[in-house]
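Please model the complete structure; the sequences and the hints are all you need to start from.
Residue numbers (my numbering), protein chains in the order written: chain F, 1 to 487; chain R, 1 to 461.
Hints in this document: simulated from the structure, not taken from any laboratory.
Hints may be right or wrong, so weigh each one.
Said to hold, decoys possible - A few chain R residues that don't get close to chain F, going by computed Cβ distances all over 10 Å: (1) P33; (2) K82; (3) A161; (4) R207; (5) A216; (6) T409.
Stated by the list, open to error - The calculated label-pair distances, taken between Cβ atoms and stated as ranges, are: (7) G384/F / G313/R: 47 to 55 Å; (8) P56/F / G128/R: 40 to 48 Å; (9) T370/R / G384/F: 48 to 56 Å; (10) A86/F / W94/R: 52 to 60 Å; (11) A269/F / R460/R: 29 to 37 Å; (12) P91/R / E165/F: 46 to 54 Å; (13) G225/R / R380/F: 32 to 40 Å.
Every residue gets a Cβ at the ideal spot worked out from N, C-alpha and C, and that includes glycine.
Chain by chain, the residues:
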Amino acid sequence: MSHTHVELRDAYADSVVLLEVSKAVAATPGVLDAQVAMGTPLNVEVLTGMGFEVPPCSPNTMVVALRVGSEEEVPAALAAVDAALAAGRRDSSGSSGSDGPSAVLPRTTGRALRRTGSTLALVSVPGEHATAEAVDALDAGADVLVFSDNVPVEQEVALKRLATERGRLVMGPDCGTAVVDGVGLGFANVVPPGDVALVAASGTGAQQLMCLLAAAGVGVGDVLGVGGRDLSEEVGGLSTLEALRRLDADPGVRRIVLVSKPPAPAVAARVEEHAAGLSTPVDLALLGPGRPDLTAVAESVVAALGGTAPTWPVRGTARPARGGHLRGLFVGGTLCDEAMIIAAGRLGPIRSNIPLSPELALGPDLQSDGHLMVDFGDDRLTQGRAHPMIDPTLRLEQLARFGADPATGVLLLDVVLGHAAEPDPAALLAPAIAAVDVPVVVACVGTTADPQGLDRQAEALAGAGAEVHLSNAAAARRAAELAGGAA
Amino acid sequence: MSTGPIVAAGADLFATAVESQGVPVERVDWRPPMEGTSADLATVLTDPLRADANRRAVEAVLGVQAVLVDVAPASEVLGLSKGEFLHAGPPIGWERTSGPLRGALMGAAALEGLVDDPEDAAALFEAGSVTWEPCHHRSAVGPMAGVVSPSMWMFVIEDAASGRRTYCSLNEGLGKVLRYGAYAPDVLDRLHWMAAVLGPVLRDAVRTTGPVDVTAILTQMLQMGDEAHNRNRAGTLMLLRDLSPAMVSGPHPSSDVAEALRFIGGNDHFFLNLAMPACKLALDAGRDVEGSTMVVAMARNGTDFGIQVSGTGDEWFTGPAQLADGLFLGSYGPDDANPDIGDSAITETAGIGGFAMATAPAIVRFVGGTVPDALATTRRMHEITLAENPRWSIPVLDFAGAPTGIDVTAVCRTGILPQINTGMAGRVAGVGQVGAGLVNPPAEIFPKALAALAARTRSRA
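Written out as structure tokens, the structure is:
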């Protein structure tokens, strides 16, 4: 027997806080199941699927849904909800203007910028609301990094046109990674400072380059993210051009690397032409069949600076090949793209939710009886939930599923370390890897200075039976080889 | 490339990750916008005209210097003829008028001699044989019911730079008065005296003294504990100081002058009727800027609360007027109060009144609050306004300028509603004032205005 309790509250907290709250409440003795979420259609669907009856509510309503052993346990569970919400509420003591009962916290990005005289804002509100905060930052004379995804492309274009008019930089939307003045924003690795700068229409692509260059002893200064769609036909590289202009004007920058997921060819050509006219040399890491992979670009940057690329580190050895299909489960979209391009050249077509060509698209069930690679960071898989670099639940489920599938010949995973990522990804991933029999290859993107520690993470994963590479390209080649493709 | 702390809005994880690198973070207390507004917000906020339009609208408002240049009957300066009336708020038909507006119109009809007994006037309005329209449509504003009839004397306020003028009737005092819907014989007697004695005395004093700088008096009174909506004591005394020499040395019998001085000195709200048209004069300068999201008028007729926005011309966006929350006179209680009424919210629209509550601690209890509430209110209004008025500064907030220029997009984004200080009229025609308190506009009018702005933006794209 169990008892369910559903209540609506006129309150708001972001999805990451609510995930933590739900997790904390679910771990309370006597609570069988708990979900605290904003009343978005998607969340209501999830709650209904969990067997809760949710009264009509709006996305601005907080839904508290509990399943407990008996009705008597409801008050204790609600107390746990309140305690977890209170813990999730941030301490405002560090905020300016907190001078007693009449203090008013800034409610908009523009107001906060004007109060503090700041010139950089970081926006990670839900995508449908991100444009308002970003424009507000531009109005206040600041640059803005928009971490939020699910921002309509026409809003991105309008936003970037305003920024271009005013000489401001919009990093994003869906910009996961940037380093500005040595500060990592969003997901960023800890690398030595240097005179190589990156312009990145790809967060994990930038992280891979930073980490490879760091391993080769080459430091990286600014990393200006521009959002994954910046080099699309619609957006036309507006932020890329502004970022290149700034870095070219910066005397501290000796070399620029432009990294992107497969761009629109016409835009790539325009940007390439523009880059050729700059006084600072620009290396292009524009992924695509026949183009150099990220590791190759890192090697040529090291060479151009007069160095020699090291042998990229590998830890552990994969279990022996057993025949079967390659299944790649990624949190980084660019890492997934790169792996697909490399593996497809050896294994043939690979189905994906971010396919290299449309006929290879996977259905929403993410099922295929052939080779397959899934990007769990894709917009469609992050609606109403946190990014897989923060919340690994979805990928772990699929890892167990594909690991148990006799048709799987090899599992290829990425693990991305650095600021803002999970504090210890190996803690959950290593046992999951140990629990399956198939060979597992991991691209672990990180540095020894990252909060999670590259060595500690790689060793834990290797100890669980994985073969751990720093180079994603090398990991993809190795996985393709284990799946029976030519080396 | 960046200075100051990094500002973070949204998931706290990213703010924490920046702080862990030893970099200070200023967090935005972000919450979702009013329901159903996110698409319109994105459209209006990315309108290429908006930022410059708002800058121009605000600068126009802040640039106006309002001076009192004359006092004259409405028939002369507004061209009102017998059977024409003005009233507060957005337009309204007789069948929907509230008790206090009805009472004031009926009293005014008797004042103009259209009927002998105000009670008989209802038939005139029902039959439509007289006309009534908003003060705002004739460059005027009126407190509470805001009823203006041809024989009433008006303050004439002018912007010397442009020659534009606005108008407001003379304040009758508190209690049983026409603007609160009372129309008893003593109410009408007072109005007759104001037209026969007070108006001419003031006219001659103003003409002799020369233009009185109302904007400058507002600057001073805000530093003397007035917020210029529910407290106008310092402003009233400064006006007396400026006009009394000319009143005393003018052509009128000393008994009339003494009565006029006693009347003005005994009515702490006398200056409200100068503050209001000065605010309207300033805000009218910000009208009709294509792309601007700034509110240029907030007004109530006791039934509807309406706003007009710079970028949408003369269109009114209306919703139900709310009941004020505050204190009641004598044995009156919440059931006796009429919903919010009056053009006096023009003061809040211009950044004073409830927006400048921090500067008027003496009346925070009168409107049911505490001093910290008052400070927080003014700070909160900065979250929804485009600018600070450097002329109107608030000492206790380290001389920060009054929060000026309500931005429709900021209201929709934050859900923070403009805070208005107000008097409360009795629900029944003829009763008069029953209390005073705090009130907000109905939230729905801001998404309505936003939708109209978005439609214009899309039609221009």
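Task: Whether the CB-CB distance between A86/F and W94/R falls inside 52 to 60 Å - done: holds, 54 Å
TODO: Return holds or violated for the Cβ distance of P91/R and E165/F against the range 46 to 54 Å.
DONE: The hint (46 to 54 Å, Cβ to Cβ) is violated, given that P91/R and E165/F are roughly 40 Å apart.
Open item on the list: If I take the minimum Cβ distance from P33/R to any residue of chain F, is it greater than 10 Å?
Closed with: violated, 6 Å
Open item on the list: Quick check: does the Cβ-Cβ distance between G225/R and R380/F fall within 32 to 40 Å?
Closed with: Given a distance of about 59 Å, which is not inside 32 to 40 Å, the answer is violated.
- [ ] Determine whether the non-interface label on R207/R survives the test: each CB of chain F must be over 10 Å from its CB.
- [x] Per Cβ check, R207/R is outside 10 Å of chain F; nearest 45 Å; holds.
Open item on the list: Quick check: does the Cβ-Cβ distance between P56/F and G128/R fall within 40 to 48 Å?
Closed with: For P56/F and G128/R the Cβ distance comes to about 44 Å; the hint holds.
TODO: Run the C-beta distances from K82/R to all of chain F and say if the shortest one exceeds 10 Å.
DONE: At roughly 51 Å from the nearest Cβ of chain F, K82/R sits farther out than 10 Å, so the non-interface label holds.
TODO: Mind checking the hinted window 29 to 37 Å against the Cβ distance between A269/F and R460/R?
DONE: holds, 33 Å
Task: Supplied distance hint 48 to 56 Å, evaluated on CB atoms of T370/R and G384/F - done: violated, 41 Å
Task: 47 to 55 Å as the expected CB spacing between G313/R and G384/F, which holds or is violated - done: violated, 41 Å
Task: Status of the stated non-contact between A216/R and chain F (beta carbon gap over 10 Å) - done: With a cut-off of 10 Å, A216/R remains clear of chain F, as the shortest Cβ separation is near 28 Å.
- [ ] May I ask you to check that A161/R keeps its beta-carbon over 10 Å from the closest beta-carbon of chain F?
- [x] Given that every Cβ of chain F is farther than 10 Å from that of A161/R, nearest at about 28 Å, it holds.
The structure fails to meet hints 1, 6, 7, 9, 12, 13 from the earlier list, while all remaining hints are met.
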